[in-house]
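**Student:** Here the protein sequences line up with chains Z and G, keeping their order.
Just so we're aligned, residue 1 is where the first sequence starts under my numbering, counting upward by one.
Just so we're aligned, residue 1001 is where the second sequence starts under my numbering, counting upward by one.
In case anyone wonders, no lab produced these hints; they're calculated from the structure.
Any given hint might turn out to be false.
To be verified - Have a look at the derived ranges for each label pair, beta carbon to beta carbon:
no.	chain 1	residue 1	chain 2	residue 2	range
1	Z	PRO104	G	HIS1082	50 to 58 angstroms
2	Z	GLY395	G	GLU1289	48 to 56 angstroms
3	G	ALA1168	Z	GLY395	18 to 26 angstroms
4	G	GLY1078	Z	GLU414	50 to 58 angstroms
5	G	VAL1052	Z	ASP206	47 to 55 angstroms
The structure presented is a predicted model; accordingly, all values stated were derived computationally and were not measured.
The beta carbon of each residue, even a glycine, is placed where N, CA and C say it ideally should be.
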Amino acid sequence: MTAVRAHRRTVLRAAAGAAATLPMLAGCGVTGRPVEVTVSWSGTELDTFRRIVSDFQHTDRIGVAIDVVPGNEVDATLTARLRAGNPPDLAVFTEPGLITKYRPHLVPLDPDLAADVTAYWRHLAVRHGRLYGCWLKAAHKSLLWHRPGRAPGLSRWADLVELAARPSGTPLLSVGAADGWVLTDWFENLLAALDKHEYERLAGADPHWHSEPVATALRMLGRLWRLPGLFPGGPGRALLTTFDASVVDVFGTDRARLVFEGDFVAPVIASIGGTPSRREAVRFPSVGGTRPLVVGGDVIVALSDRPDTRRLLRHLVGRRARLPWVRQGFLVPSTRIRRDDYPTALSRRLADELTAPDADPRFDLSDRLAGQLAGDDGKGSWLIMQQFFRDVTTGVPVDTAVRRTCDAFQTAAEAQT
Amino acid sequence: VTKPPEVRGNLAWLPRLRLADRLLVLDDLGPHGRDRVRPQVWQAYLFLVPLVVILGLLVVWPSLRTVWQALTAGCHGGVCGHNFAAAWSGWRVLLRTLAWAVALPVAMIAVGFGLAVALRRIRHSGLVTALLVTPMAVPMVATGLAFRLLYDPEPDRGAATAVASWVAGRFGGGTPEALGSGTITFALMSAFCWAYLGLSVAVFRRVLAAIPVEQVSMVLAEGGRRRDVYRWFYWPVLFRVAALLLAVTGLASARSFDLLLVMAPGSSQPAGEVVALHVWRYGPGTGAEVGPAAALSVLWFAILVCTVIAPLFAFRARWRMPPVDEGSDVARELLARRERRGGTVRHAVAWVVGLAAAVLWLIPALVLAFTSLHSDAGFAVRGLRSPLSGAAWAGLLDSGYLPTAVGTLLLAVGVAVVVVAFSGLAAYALGWLRPPGHGVIMVVVMICATVPVQAITDPLVSMLAHAGLPGSWPALLLVHVAFGIPITTVLLYGTFGTLSPEQLRAAAAGDPQVSGGPVRAVFARIWPNLFAAGALEFVQVWNDLVIGLLFAPAQLQPAGPALLGTLRYFTTNTAGVSAATLVYALVPLAVVLLLHRQIVRLLLGGLTGTWKAEET
Chain Z
1 MTAVRAHRRT VLRAAAGAAA TLPMLAGCGV TGRPVEVTVS WSGTELDTFR
51 RIVSDFQHTD RIGVAIDVVP GNEVDATLTA RLRAGNPPDL AVFTEPGLIT
101 KYRPHLVPLD PDLAADVTAY WRHLAVRHGR LYGCWLKAAH KSLLWHRPGR
151 APGLSRWADL VELAARPSGT PLLSVGAADG WVLTDWFENL LAALDKHEYE
201 RLAGADPHWH SEPVATALRM LGRLWRLPGL FPGGPGRALL TTFDASVVDV
251 FGTDRARLVF EGDFVAPVIA SIGGTPSRRE AVRFPSVGGT RPLVVGGDVI
301 VALSDRPDTR RLLRHLVGRR ARLPWVRQGF LVPSTRIRRD DYPTALSRRL
351 ADELTAPDAD PRFDLSDRLA GQLAGDDGKG SWLIMQQFFR DVTTGVPVDT
401 AVRRTCDAFQ TAAEAQT
Chain G
1001 VTKPPEVRGN LAWLPRLRLA DRLLVLDDLG PHGRDRVRPQ VWQAYLFLVP
1051 LVVILGLLVV WPSLRTVWQA LTAGCHGGVC GHNFAAAWSG WRVLLRTLAW
1101 AVALPVAMIA VGFGLAVALR RIRHSGLVTA LLVTPMAVPM VATGLAFRLL
1151 YDPEPDRGAA TAVASWVAGR FGGGTPEALG SGTITFALMS AFCWAYLGLS
1201 VAVFRRVLAA IPVEQVSMVL AEGGRRRDVY RWFYWPVLFR VAALLLAVTG
1251 LASARSFDLL LVMAPGSSQP AGEVVALHVW RYGPGTGAEV GPAAALSVLW
1301 FAILVCTVIA PLFAFRARWR MPPVDEGSDV ARELLARRER RGGTVRHAVA
1351 WVVGLAAAVL WLIPALVLAF TSLHSDAGFA VRGLRSPLSG AAWAGLLDSG
1401 YLPTAVGTLL LAVGVAVVVV AFSGLAAYAL GWLRPPGHGV IMVVVMICAT
1451 VPVQAITDPL VSMLAHAGLP GSWPALLLVH VAFGIPITTV LLYGTFGTLS
1501 PEQLRAAAAG DPQVSGGPVR AVFARIWPNL FAAGALEFVQ VWNDLVIGLL
1551 FAPAQLQPAG PALLGTLRYF TTNTAGVSAA TLVYALVPLA VVLLLHRQIV
1601 RLLLGGLTGT WKAEET
């Protein structure tokens, strides 16, 4: 039997298409074509998902084909495949905004598939009162990372600005501004702290980008980013610095003292040889007494109603399939995961923050924006925030830059309807 | 009875086709008669069926549909121009596209000519030329990766940045962060030049070698001035070659899309955006409005057609590449003395230019190779100064990259075989049998060769859906075939055009029973060309990025898109990506180097043979 299984795996991995695998699968007791899942993961995420799926194939005798699309092209790929009349059975979105866009093509799910997540998470995958997605993993996006002792006492936003303004040998911040999502994450943290209702409204049907909290958040950002000597190599280099390069700036080459981003900074630090003892993560500073908690996550949606699809989905939300994520250091917003399932003190702490009863997370706004505001390289909210960054760091008065940015957001938001 | 020409290789395995025997009947009427009396017209049309069906369904119809959408979508039942007005808002993008498609090729042709002239003065210049031409075979994704590495803003990692900051440190001034939004277009163009400058150098060198030495020396001996020589002998030839190069380079400039996706950081992409990328981001199938998106595609297509077809038509004189002219010793000596008259200074300049070009052209490859000999973590932190390590190559073996490469290999071989079979049949019909309307069909085929796949994605996908082939590997194969057939047909058309009726007649007259008749004679002549065309198509598919991105199904991620996917964590994954890129680039390089003689012959035939038939 082992030989047969190995053969099937080989076929699944190497075969050119679903049609070609059909006879082999039928031969070993598996009926129908494999369940096809479209994901945009790479690296550890993809490896982990492959392991989970392979476990499912062994136990449930259902073939699964993982369709990996590069980078941020899930949206474009899915559009093309829907037009071609050949959608995958399941797709993993990093942007729940896509649920809105593809809702007519999605299959409503059994509500108890979301029984193990808190109301906030469930609500994010509900449209018109029906559940359309299950959360596989989550990200904590309100963290500042530094080497021990390099950036002490950052509890309020004013502390961060003061630290940035104080002259020092090493520049304070490395910002991966080449990746637009890093900049939108900055903005979202400030806005989430300033006014959570306005934040949620921007993700809704009637966004108002000229509101005061939006302008305030942008103004605060502009006043920080424009400080001289803040970035290693200047703001021009920051715009060419990708997210992983910004982590290297702090934990590899020691060219900056502080980098802002989510829990997924930890594996990047590990990949360049950094140990847990040489890194510290603190919460994003509080603004007006409120500490923001911005989260991201990967949600899986169904585009077919086949029994095999439903079985795989049910498997993926079970504890057995959730544990591999946790063991790799990813956060899973599920009550089926216990605190001591997490491998490190840091991940336990972050998981606590995500699932605490009084936690009030805000899901990444740019990932919920659709239409012309949907972010991508050179596009949508990413582009607008990069332009804002460029403006405030090249001498455009902050108020002018803020007005321009609000206009750009509003114009794009209105164009999408 | 003329002696039959030697048949190379053992061709006994060929089936005894009788088709070409009929040619003799046609040929007795001469090439002009061939155009009038066509007993085999139906046969010629039969050979054209695969081409017509595939191009018709997968290129022509989707193109027409896109034009139709651009003209009518949102026009309330009529035809209007408001879609074009909406698309026109991206005028900067259009201007940049024109710079890529016209200004850059013109500049490259001028520089290429200068280099070709300079290289004539130095020894071992053949080696330098070969070095300059080689990058043409390298996938644009690999070229883009090499240059992204070269221009990395961190001096420890980016060799070019290191040099620039050293110079800046010495002489003052800032470091040009080549990938920034102000300079990204130049950075992209430098990579494009690295890939395509060698083409014009090689072609000009070949043309200069064909200038009739005797006649030039006669003119000079009789007191003619250099200016006259240029005007009479060089200019008419160079002008037409330049037009051809303009067409080829203009077509290649559509590849700036690949470079942009790979080389430009997200923040710089808007500043370097060309229509290709604009269509990719906002065009058909991205959820944008159908009309403006289609109009944008049509505008892009119009630019390409103007830059590619216009030069070909404007200069389609009855000229073909003349043979290399050695000339007599006296004439060569005279010319050589003339050339030396400039003195040692010019010679030294030529040497420096040749050497500099050779060194410059080696750098990207060396940087890539050197980078791959580090560990990912080491390179991320200490860059080129980190200790050497084989980790990246060891990691490549179990990274899942090899199955990707094997899959791409199988796909490319499959596409090449199908394309050569279909294009060979079509080219035989168009270039040799020449049924009524072959001229029109050739024009359509040439236009099809310029259609960019991004421009017609939407109708193309719905076409495939109608065929029940959506998102499957046959769909990927079909799209590759549809976009490979036009250019291959054009190349092979030249090949069949250069076949000599006299030689074929001789082959038949020799001993038809033994030699198998003209069929084998034809095959003996064209099989190297068929093989070369197959090799070129293989390279085309292997190097592809955009068709793979659009049409690759689950389980078959071609190597190009797979490499693009690794760029998400480029800084902390550089060594591994470099190793993968080298492997990716070496495959087409090996194919082209192994077959370069056949490929050059095919290209010359393709470029020059088109008008041959009328000369015989």
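**Student:** Each hint needs a verdict: does it hold in this structure or not?
**Tutor:** Structure-based check of all given hints:
1. Z:PRO104 - G:HIS1082: 50 to 58 angstroms: 28 angstroms, violated
2. Z:GLY395 - G:GLU1289: 48 to 56 angstroms: 37 angstroms, violated
3. G:ALA1168 - Z:GLY395: 18 to 26 angstroms: 22 angstroms, holds
4. G:GLY1078 - Z:GLU414: 50 to 58 angstroms: At roughly 28 angstroms between Cβ atoms, Z:GLU414 and G:GLY1078 fall outside 50 to 58 angstroms, so the hint is violated.
5. G:VAL1052 - Z:ASP206: 47 to 55 angstroms: 54 angstroms, holds
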